[in-house]
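Engineer: Starting from the known structure of chain A, arrange chains B, C and D on it as the hints suggest.
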Amino acid sequence: MAQRQAEMRQFNTVRWTIYILVALVVVLPYVLRLPLPLKFTPSRDVRKLYDRMDSLKPGSHVLLSLDYDAASQAELQPMSRALLEHCFKKGLIPIVMTHWQSGLGLDKQVIDEVANKAKEALGKEVKSGRDYVFLGFKPGYSNLVLNMGENLKGAFDKDYFGQSTGDMPALQGVTSLKDIDMGVDLAAGSDVGMWIAYGSDRFNFPLGAGTTAVQAPDMTPFLDSKQLVGLLGGLRGAADYETLLDMPDGGTTGMLAQSSTHVLVILLIVAANARLLLGRSARKRE
Amino acid sequence: MPEVEYPSGKKRQAIEMGVLALLAVLFLSVSLYVQNPFAKGADPAKAVGIIVAAGLTLVMYSFLYRDNALFKIAENLYVGVTLGYGAILTWRTALRPDVYMPFFEAPTRAAFMAAVLHRTVPIILGILLVTRISRKHGWLSRYAYAFLIGWGAGVAIPLTTHTFILQQLYSAIAPFQSAAQGATATAFSASWFWDVALPVFGAVLVLIGTIAVLFYFFFSVEHKGAPGMVSKLGVLFLMVSFGASFGYTVMGRVSLLIGRVQFLLFDWLKMPK
Amino acid sequence: MLRAWSLVAVIALPGATQAAPASHPVSAAASSAPASGAVISAPTVPDPASFKAMDKPSDDGSAMRVEWARPAREAEGIAYVVEIAESPNDFKSGKFKSKVVKPSPPDEGDLYRTDISPASDKFFPPPESPPLTAERLKELAAEKVITGGELARAQAIMESMQRAQSKPGDQSRPAAESKPGTQSSPGSASEPSAELPREDKDWFGRLREYVHNRDWLKSFATAENRALTDGQLSRALAALESEYRERNTAGDRAEQDWLHRLMAFLKEKDQSEQKDRIAAINSRTWYVRLAVMKGDKKFYVGEGGQPAIRSARAKANYFNWAKLNNLLFSLIFCAIVFAFIEVAKRRRNLFLRKIAGLEAVDEAIGRSTEMDRPVFFVHGLGGMGDLATIASVNILARVARRTAEHDSRVRVMNVDPIVTAVSQEVVQQAYTEAGRPDAYNPDDVSLVASDQFSYVAAVSGIMVREQPGAIFLLGSFYAESLLLAETGASTGAIQIAGTDAYTQLPFFITTCDYTLIGEELYAASAYLSREPRLLGSLRGQDVGKAFLMIVMIVGSLVLTVAAVFGANLDWLRRIFSAN
Amino acid sequence: MFLKRLTIPLIIVFVLGLLAFVQDYVPHPLAGEFREEMTSWSRIIGGFALFLGAYSLLHMHVTRIRRKTAGWGYSVFVFIGAAFMIVVGLHNEGLGPLQDIEGGTTWFDWGYDNIVVPCGGTIFSILAFFMASAAFRTFRARNLGAALLLIAAVIVMFGRVPISETVGQWVFGSSAVFPKLTDAIMDYPNLAAKRGIMLGISLGAISQSMRILFGIERSYLGGD
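Protein chains in written order, with this note's numbering: chain A, 562 to 847; chain B, 11 to 283; chain C, 37 to 615; chain D, 1427 to 1650.
Mixed in with the good hints there might be a few duds.
To be verified - Pairs of lysine-lysine, DSS-like flavour, derived with a Cα cap of 30 Å: (1) K685(A) with K283(B); (2) K618(A) with K311(C); (3) K254(C) with K618(A); (4) K311(C) with K739(A); (5) K678(A) with K56(B); (6) K678(A) with K283(B); (7) K678(A) with K305(C); (8) K280(B) with K680(A); (9) K303(C) with K688(A); (10) K254(C) with K303(C); (11) K50(B) with K669(A); (12) K680(A) with K56(B); (13) K133(C) with K618(A); (14) K283(B) with K651(A); (15) K390(C) with K242(B); (16) K381(C) with K1430(D); (17) K618(A) with K237(C); (18) K739(A) with K305(C); (19) K685(A) with K237(C); (20) K669(A) with K283(B); (21) K688(A) with K56(B); (22) K600(A) with K280(B); (23) K280(B) with K669(A); (24) K618(A) with K303(C); (25) K254(C) with K333(C); (26) K128(C) with K138(C); (27) K351(C) with K303(C); (28) K237(C) with K650(A); (29) K669(A) with K56(B); (30) K133(C) with K739(A); (31) K50(B) with K678(A); (32) K158(C) with K739(A); (33) K135(C) with K618(A); (34) K390(C) with K234(B); (35) K381(C) with K234(B); (36) K651(A) with K237(C); (37) K609(A) with K1606(D); (38) K787(A) with K138(C); (39) K651(A) with K669(A); (40) K303(C) with K669(A).
Just so you know, the hints here were simulated from the structure itself, not pulled from any lab data.
So here's chain A without its partners, still in its complex pose:
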């Protein structure tokens, strides 16, 4: 029993020191205000999505499906903020919805935030129902997308605020997903595959995606087959988009701490495996 206690105690001290190290590495860049000029060039896939959004003419409809909740807010909320800002800047009409009921509150927050900011920055009143539509959440997942593909106003007869979508100026000329000019799915889970199979492949509208960093590598086959017109991967994707919009926000300020923490994790992996290699060669020598 005692040997197990000693092993436990040694195990915990290692664990806790690493935790403190991580905390320091994340907090210090903010506290010390390091003026390190972190220049970074936006990645190729982010530029593709940005250019496609920028090429839309004013009045085009952009479907934003914000399929995430608080758990992935840190990575995806900056993306939805940047995309909404881009829509209002170019006079596009964002149609916002979500398949994640637990993320509704966040979607409402980001829309209100960007709408108020747009009011000050662009000096024009941004009104729900005229400049944007917030459809909110409805159950059904892939069936909801198929339903929207045939009759968008049938699937969502009311928007999040209870206004009927039937005679909304913002939805004038849009009867189904076939009339959408561009779709972007911000997904924390595996929703992008669903949006491609049941949405853009079926009702052929161009689809871009923004995913948590965890999901980004799985999107490569869709980028290669042009089923996705562009991709924002993780907080870095958000920072790249903010740079292209030249509106630095949550993404950009996070890059310094991101760099320092990555270096720490890399050093930990290298240190641990170096110890392993030295240990093995030592044993070989005996």
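Structural biologist: For chains B, C and D alone, coordinates are given in the frame of chain A:
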């Protein structure tokens, strides 16, 4: 993060309680000082809200020390509030607009009849689904599952073939040189390497890798001898792609931590940005 | 195919003056007086035999197709014009619309093909509601719908709009250019010009919408469209007026709410009627002519001195031939899997390669029972419809069977109520089949939390408290996989993981003893249970993989070689294109 | 009783599944209307499924408290949290449950913003700590595969962070070296593996759907 069992449980309990009390006092005083919710003009609900949010965040991080009572309370509170939030929203976004309003708030008789025509069957199936709760009548829910999963399976076949097989096959059989489309570079120059040689070599590599990985998931042939080699090559490709996923996942988790630190520093402690 | 080159009587008709309303933007500018002076040499015209009109195949009946062959010597700077009309004599009276088709580069084949949807707003859309005119305002004032003051203000605004529109250089867009919605909303094209005060603009927009909604509501109480009774109509008009006059007593607001629900319902009816109107227009017989346009003179493709007229009807088709490859692949693949399942029913020892992770399943359970520790089974977050969860339920059946035989406990923790119910039945069945129905404790198979992360904290807590000997992490996992795997590793238990969630496999591979990668999880339930339907489908899927491998290898090599030698084998690649 | 047996549900699955399969190939507007009707039915049933999920969890916590199983005290907080949100949601700033509120934060939003968001966001971020500790303790290059995994992970991790561009500038004179290396890893080996995996999974999904259609796979109905 295994539970730490030290012999002197009682003594250790006392130390923990003491440290906890000290931390709580420190937390409250800092919060009240920084947020001062009762000052004139301050919005008390928002200020108290931020204090509660910061408190819950720090309690959640106590899980790093070990699984403790405060964490369990916060976790169960989180489960309960999410449950309540979900229940109200299920009513507001699904049951009310699709079940209650079309019948009880039908503007005209014609609207009511249209609702009866289009909504009675799904509502009956929905009620059947809910019978899954009771042991005795659970079998009724099979009819609702038959509808949901039957329709889902039928729709899935053509869509999966279209999106995940044919589309991928179409781009997988592209001629190798199309990877270097439109690249005009003098042979063997630096840009020739990056724009022509690498993409074409890459396209060949992708083909070999895809075949090797598909073969790793081939179960009708024993993976020995030549097939064994191909399968091992497949594993190497898998491992590199898992490495890429690993790297991106670390990036994702770190971003989440940065998001919470930004909340604690800028919103709670009101540090200037 | 030697195209019969017949001497075509080239009919140079003076450009037909355009009588149709000039509202559609595509029509070639009506040619004014015959070309001045210079005689334009007649360009060669497509062969009339190749000029055909037909229903567009594989579509929902909304379009017809016009085809013609590229003439032998296609002149420079020409464009093809397809003219469409409701009846042959409409062409004479000029009541037709046209579609310009630019010549395509020679290497894109010598058959021109263009689709025309007659009911689209470039051609003959269903009638839209007329814009607000001065007479209409006077009528409304007479009917006491608007007061004299409002009439005067509206007229003043309309005049200032006319003045602004007629100002030179102000290219106000043609009225009908807004998207084909039935209701012209205030924000649409015919916007009062800029220098009108914003307050007047808004007021006039609201007035126009009010009048438009009145007429729209009235259209539902006419003889042929009896959607509203007279009582409902007057109630609706009263509510509409109270909303326009912005009266908001409690009673008014309730009426206005009722009005909005009514309009939403009528809007839906209107939309389906609009669909029928469009379908009716599309399904009529339409007549087309083809001309080659050079400069602004048109040279019609003629037969026997007259411009050739073809006719066609758009029909809704029952099969989309573009999806033939999809249908064949799906049917053949499903048939192969079905056949192998039948084979597997008769031959249970169908060969299946060894799966390393599974060898350890029995060993892990054995070791765990020796140390007298429970076996943990974690389903992950998938629901019953999730493939990985169904596979893990199959494996659970086998694991529960083994723990029953070893007189040990399997503790199943999950987050989905339906999976819990199914697992309880599966474990209970396993214990009864092993002859120990009493040893089954329903609380061992429990739903421990509702949400992903409270689930992880609960499972980790139980792991640390009950120190299991073997942990199975099988099913679909998300971000919590590392937490579970690391806690499990720290308890020293043998861990076997398996998931088709590829984003979590890196953590299982680096922390668990054995990891079933993706499909191996499905193969595991087949390997364990030797169940014919699983064995058969695995073999069928292998045949599918073999087919894909062959197509990829042969396809890309053949296409690469073809591209090197310049042969155009694009049709081969298009066999697999999904559209 | 015949209705209890699986026969009718399996017939429904087969007929509806076949119609769902065929409608994808039929461009006729009738197929579109059939799809619209079926998907709206599924949507409505989906609302009841949400209700089912919430009920089963409450039921679980009730049994935990009734049976006083370990940690039952904490289950009380589930009800406190749920009760707070439901009462506040139904009270709905005095407008009653049937009204929607536009703009302004209600107590219902307060509960979401200050309890659900911080807890949900924090739990995931704990993983960053676990990953760092696991990086040191469990991520070992035991064999060639695991070594390749870790090497690729380190390159990708370094290439996707801005500091790699500054380091690239110092060491190789061009800031694009590491990002380009990461792109190469993503565009070639990663694409090959992910495409192979996706093709394999899709074949599995199609055969699974076929088995459901023909009633070969019926575990989701709960075997009797």
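Engineer: Given the proposed pairing of K254(C) with K333(C), does the C-alpha separation stay at or below 30 Å?
Structural biologist: Since the Cα atoms of K254(C) and K333(C) sit roughly 48 Å apart, the hinted pair is violated (cutoff 30 Å).
Engineer: Would you mind confirming whether the straight-line C-alpha gap from K50(B) to K669(A) stays at or under 30 Å?
Structural biologist: Cα-Cα ~28 Å, so holds.
Engineer: Verify the proposed pairing of K685(A) with K237(C), using a straight-line Cα cut of 30 Å.
Structural biologist: This hinted pair holds, its Cα atoms lying about 16 Å apart.
Engineer: For the pair supplied as a hint, K600(A) and K280(B), is the alpha-carbon distance within the 30 Å limit?
Structural biologist: holds (27 Å)
Engineer: Is the hinted pair K133(C) and K739(A) satisfied, with a Cα-Cα distance of at most 30 Å?
Structural biologist: It holds: about 25 Å lies between the C-alpha atoms, which stays within 30 Å.
Engineer: Going straight from one Cα to the other, do K311(C) and K739(A) come out at no more than 30 Å?
Structural biologist: holds (15 Å)
Engineer: Hint check: K678(A) vs K283(B), CA-CA at most 30 Å. Holds or violated?
Structural biologist: Within the cut-off at roughly 18 Å; holds.
Engineer: Can you confirm whether the C-alpha distance between K135(C) and K618(A) stays at or below 30 Å?
Structural biologist: The hint holds at about 24 Å.
Engineer: K303(C) and K688(A) were given as a pair; does the straight-line alpha-carbon distance stay at or below 30 Å?
Structural biologist: Cα-Cα ~22 Å, so holds.
Engineer: Given the proposed pairing of K237(C) with K650(A), does the C-alpha separation stay at or below 30 Å?
Structural biologist: Holds, at roughly 24 Å.
Engineer: Holds or violated: are the alpha carbons of K390(C) and K234(B) at most 30 Å from each other?
Structural biologist: holds (11 Å)
Engineer: Taking 30 Å as the top limit, are the C-alpha atoms of K158(C) and K739(A) close enough?
Structural biologist: holds (18 Å)
Checked against the numbered hints above, the structure breaks hints 3, 7, 25 and satisfies the rest.
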